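So the protein sequences, as listed, match chains A and B.
My numbering puts the first residue of the first sequence at 104, with every later residue one more than the last.
My numbering puts the first residue of the second sequence at 172, with every later residue one more than the last.
Hints are not guaranteed to be accurate.
Pair ranges (Cβ atoms, derived) [stated by the list, open to error]:
(1) Asp423(B) / Leu151(A): 14 to 22 Å
(2) Ala141(A) / Ser459(B): 31 to 39 Å
(3) Glu152(A) / Arg265(B): 42 to 50 Å
(4) Gln554(B) / Asp107(A): 24 to 32 Å
Chain B regions said to be covered by chain A (calculated; three or more residues, Cβ under 8 Å) [to be verified]:
(5) 186 to 197
(6) 243 to 255
(7) 319 to 327
(8) 520 to 532
Non-contacting residues of chain B with respect to chain A, defined by C-beta distances greater than 10 Å in every case (computed) [claimed, not checked]:
(9) Asp403
(10) Ser420
(11) Arg429
(12) Ala517
(13) Gln621
Hints in this document: simulated from the structure, not taken from any laboratory.
This structure is a prediction, so every number in the text was calculated from the model and none was measured.
Beta carbons: idealized from backbone N, C-alpha and C, even for Gly.
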Amino acid sequence: MAKDPIEQAVETAAELHGLTLQAEWLEAATTALRTVAAAARLVEEFPLEDEAEYAPVFHA
Amino acid sequence: MSNTASDIAAAIRSRRATACATTEAALARIAAENPAVNAFTDVTAARALARADAIDAQLAEGRDPGPLAGVPFAVKNLFDIAGLPTRAGSRINRERAPAPRDAFLARKMEEAGAILLGALNMGEYAYDFTGENAHDGPSRNPRDLARMTGGSSGGSGAAVAAGMVPVALGSDTNGSIRVPASLCGVFGLKPTYGRLSRAGTFPFVSSFDHLGPLAAGVTDLALAHDAMQGTDPEDPMQAQRPVEPVLPSLEDGIGGLRIAIAGGHFAQGGHRAAHDAVALAAKALGASRVVEFPEATRARAAAYVITAAEGAALHAERLCARAADFDPEVRDRLIGGLAIPAAWVARAQRFRRWYQARVLELFAEVDLILAPATPVRAPRLGQKTLEWDGQSLPLRPNLGLYTQPVSFIGLPVAAVPLWPDDGLPIGVQIIAAPWREDLALRAARVLERQGVARL
């Protein structure tokens, strides 16, 4: 069975950062990333023009 | 004597009370209350008493120590205090070298005559809405010690609600002043992004991080806000604006102000008390028009993505070296955040600009917008879920459902405590256009004068 891509992403990112991931952390970290993914999906569904500016720093 | 900062300062400035006696009384109250409430993580008694002596000496010489003369205050433990490591709620940071000097805002408070009594409990690295700290224990809600204070400025809310100090400083990235203000039943102010310097504080999400006061009353918020303004070259994100005091117009009332109620996202879910509190505030302020923050649910989602990514990036090195020393609830979210694709963050940042422009258009039509501060009253310590529109959601990330869409674009907000029934208090947000803290506080003051908002 193919591995859950979210879980795979957590494992890969940990490896890329040099973080030794303990087994008991993986499930919770995967759940956390799954929640972020759902939020990101909601944002991605919103149509933006290609010219829409990035807002890395906000000044009110 | 009243326990508001304004009354304390008035008594000391008129020499009806001394700073020394006031400080000793506050320290005694902390000694009595803190074992149960767990608001303070450090008490700087010797320093405070020395400072009180100096204030009394100034008065004896006929000099005015300032508008906060002798007022006890404390700071969330992510603020630098000279001589203490800035722990930011963590185990790891308490191994840091002691801070060489106080944070800019603590210095400004003392320049206005206030007296720092110590550092306050908080959620680890401010990634928290509960006030439950794995290393120092939870701060406990003085309204009901079995309940949460909210976070991450939980010690700040608890210290004010317990009457230990009339003013406490906190930080608010996604709601961390407004959530504990709501759950503890105190007043809070999250100023406009860029208004107050953040120099000398431990960061979380730089482009969302704000600092501000929690207090026993609206006048106290105004006094603290005005005292802390001023340009600081050490915070590159601070806006270059003149000092704009709010105290002179605080009693001007709401005549001529257009006040609306937030609909849509802010009217959905949440417990009845949250919406009853907004209705009470709206009635008292004569507000009936409903306006909608466009795409507020999506804005909250975008704030969530950016927070998770920036927070993880900030702590990546510490995670690699010391993951086992983090609060597991924080660690696991940060580890998940390391895997967020850059494209998600970029999209969220681009959406942010769109959202900011649309929301600012609303403020051409209205001056203030009312919204609930939290979806529920103070949950029980250890509670893991909240009910939202018939769903059971994880509590920790979702206490900020109503605050995140507002801080996401840096708007100023006063949070006021209401008591919609015989139960615990719950907060209402009074949201203004950028740089209009004065209007939010004027409306808050009207609610306070009417007795609608109170400690």
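Non-interface claim for Asp403(B) versus chain A (Cβ beyond 10 Å): 16 Å, holds
How does the segment 520 to 532 of chain B fare against chain A when you require at least three residues with a CB closer than 8 Å, holds or violated? holds (count 7)
May I ask you to check that Ala517(B) keeps its beta-carbon over 10 Å from the closest beta-carbon of chain A? 6 Å, violated
Using the Cβ atoms, figure out if Gln554(B) sits within 24 to 32 Å of Asp107(A). Holds, at about 28 Å.
Given coverage of the segment 319 to 327 of chain B by chain A, checked by CB-CB distance under 8 Å (3 or more): Violated, because only 0 residues of the segment 319 to 327 of chain B bring their Cβ atoms closer than 8 Å to Cβ atoms of chain A.
How does the Cβ-Cβ distance of Ala141(A) and Ser459(B) compare with 31 to 39 Å: does it lie in that range? Holds: the Cβ-Cβ distance is about 35 Å, inside 31 to 39 Å.
Residues of the segment 186 to 197 of chain B with Cβ under 8 Å from chain A, three needed, outcome: With 0 residues close enough to chain A, the hint is violated.
Does the Cβ pair Asp423(B), Leu151(A) satisfy 14 to 22 Å? 41 Å, violated
Check the non-interface label on Ser420(B): least C-beta distance to chain A beyond 10 Å or not. At about 20 Å from chain A, Ser420(B) clears the 10 Å cut-off, so the statement holds.
Tell me if chain A covers the segment 243 to 255 of chain B under the three-residue, 8 Å CB rule, please? violated (count 0)
Determine whether the Cβ-Cβ distance between Glu152(A) and Arg265(B) falls within the hinted range of 42 to 50 Å. The hinted range 42 to 50 Å holds for Glu152(A) and Arg265(B), with Cβ atoms some 48 Å apart.
Test the statement that Gln621(B) is away from the interface with chain A: the closest C-beta pair must be farther apart than 10 Å. 30 Å, holds
Comparing the model with each earlier hint shows violations of hints 1, 5, 6, 7 and 12; every other hint is respected.
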